[in-house]
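J.: Sequence:
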Amino acid sequence: MSETHQHQRTGNPLIKEDLTHLCRCPCCGAPDCGEEYMLLTESEGRQEAVLFGGGTFRGYLNYWFYEGISPEEYSRLPEFVRHNNECIGWQDISAQCTEIDADDFLFTLGSIKNGSHKEYPDEDFENYYYPVF
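Under UniProt numbering, the first residue of the sequence shown carries the number 1, and numbering increases by one thereafter.
To be clear, the hints were calculated from the coordinates, so they are not data collected in a lab. What you are looking at is a predicted structure, and each value in this text was computed from that prediction instead of being measured. Be aware that one or more of the hints could be misleading.
Claimed, not checked - Here are the computed distance ranges between Cβ atoms for each label pair: (1) Gln47 / Asp103: 15 to 21 Å; (2) Gln96 / Pro131: 15 to 21 Å; (3) Gly45 / Ile88: 26 to 32 Å; (4) Thr98 / Gly29: 25 to 31 Å; (5) Ala95 / Arg46: 20 to 26 Å; (6) Pro71 / Cys28: 35 to 41 Å; (7) Pro71 / Lys16: 35 to 41 Å; (8) Ile15 / Ile69: 24 to 30 Å; (9) Leu14 / Pro71: 41 to 47 Å.
As the list claims (entries may be wrong) - Here are the simulated DMTMM-like pairs of lysine to aspartate or glutamate, each with C-alpha atoms no more than 25 Å apart in a straight line: (10) Lys113 / Glu123; (11) Lys113 / Glu79; (12) Lys113 / Glu86; (13) Lys16 / Glu42; (14) Lys113 / Asp18.
Glycine is no exception: its CB is placed at the ideal position from the N, C-alpha and C atoms.
Please put together the full structure from these sequences, using the hints given.
T.: If you want it as structure tokens, here you go:
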């Protein structure tokens with residue numbers, strides 16, 4: 001399990017993609033109803049970012065959070081998903097620019113893309129989120 005720590009952002013990252021137009025509020029239907037996330041990467045001193053609607057993205061994560069899952073099954077879920085379910089780590093409401101494990105995040109994305117259980121059949125994930133991330 002990777003160590004989670006705060007990371008100070010320096011300078012302005014290059015915004016590579018803005019996917020906020022894909023987020024639809026389940027209550028009012030408006031695009032990106034105020035919950036916006038930024039995935040920031042840094043390599044060789046260069047920062048790049050992707051903006052996306054958090055509510056819609058969390059909908060892809062939530063299909064793992066169901067009654068009846070055994071503790072053993074739950075422990076095998078990606079850390080990124082468990083943090084979403086438990087409101088810790090990157091999902092802690094007070095978290096500011098929390099570092100996530102890149103391999104775990106990519107594993108999560110692959111699991112969503114290849115999962116057979118999709119409560120929210122939505123081509124936006126496969127057509128927009130997955131290729132961008």
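J.: Does each hint hold? Answer for all of them.
T.: To see whether the hints hold, each was checked on the structure:
The hinted range of 15 to 21 Å is satisfied by Gln47 and Asp103, whose Cβ atoms lie roughly 20 Å apart. Distance hint check: the CB atoms of Gln96 and Pro131 are about 28 Å apart, inconsistent with the given range 15 to 21 Å. Range check, Gly45 to Ile88: about 30 Å between beta-carbon atoms, so the 26 to 32 Å window is met. Between Thr98 and Gly29 the beta carbon distance is about 30 Å. The supplied range of 25 to 31 Å therefore holds.
Restraint check, Ala95 to Arg46: a C-beta distance of roughly 24 Å satisfies the suggested window 20 to 26 Å. Under the hint 35 to 41 Å, the C-beta atoms of Pro71 and Cys28, about 37 Å apart, fit the expected range. Take Pro71 and Lys16: their Cβ atoms lie about 39 Å apart, and the range 35 to 41 Å holds. One distance hint, 24 to 30 Å for the beta-carbon pair Ile15 and Ile69, is violated here, with the actual separation near 37 Å.
Against the hinted window of 41 to 47 Å, the Cβ-Cβ separation of Leu14 and Pro71 comes to about 42 Å, which satisfies the hint. Straight-line distance between C-alpha atoms of Lys113 and Glu123 comes to about 10 Å, which keeps the hinted pair within the 25 Å bound. Taking the CA atoms of Lys113 and Glu79, the gap is about 17 Å. The hint holds against a cut of 25 Å. Proximity of Lys113 to Glu86 is assessed by CA-CA distance (about 22 Å); at most 25 Å being required, the pair is judged to hold.
For a cut-off of 25 Å, the pair hint linking Lys16 to Glu42 stands: about 12 Å separates their Cα positions. For the hint linking Lys113 to Asp18, the alpha-carbon distance of about 20 Å falls within 25 Å, and the restraint holds.
The structure fails to meet hints 2 and 8 from the earlier list, while all remaining hints are met.
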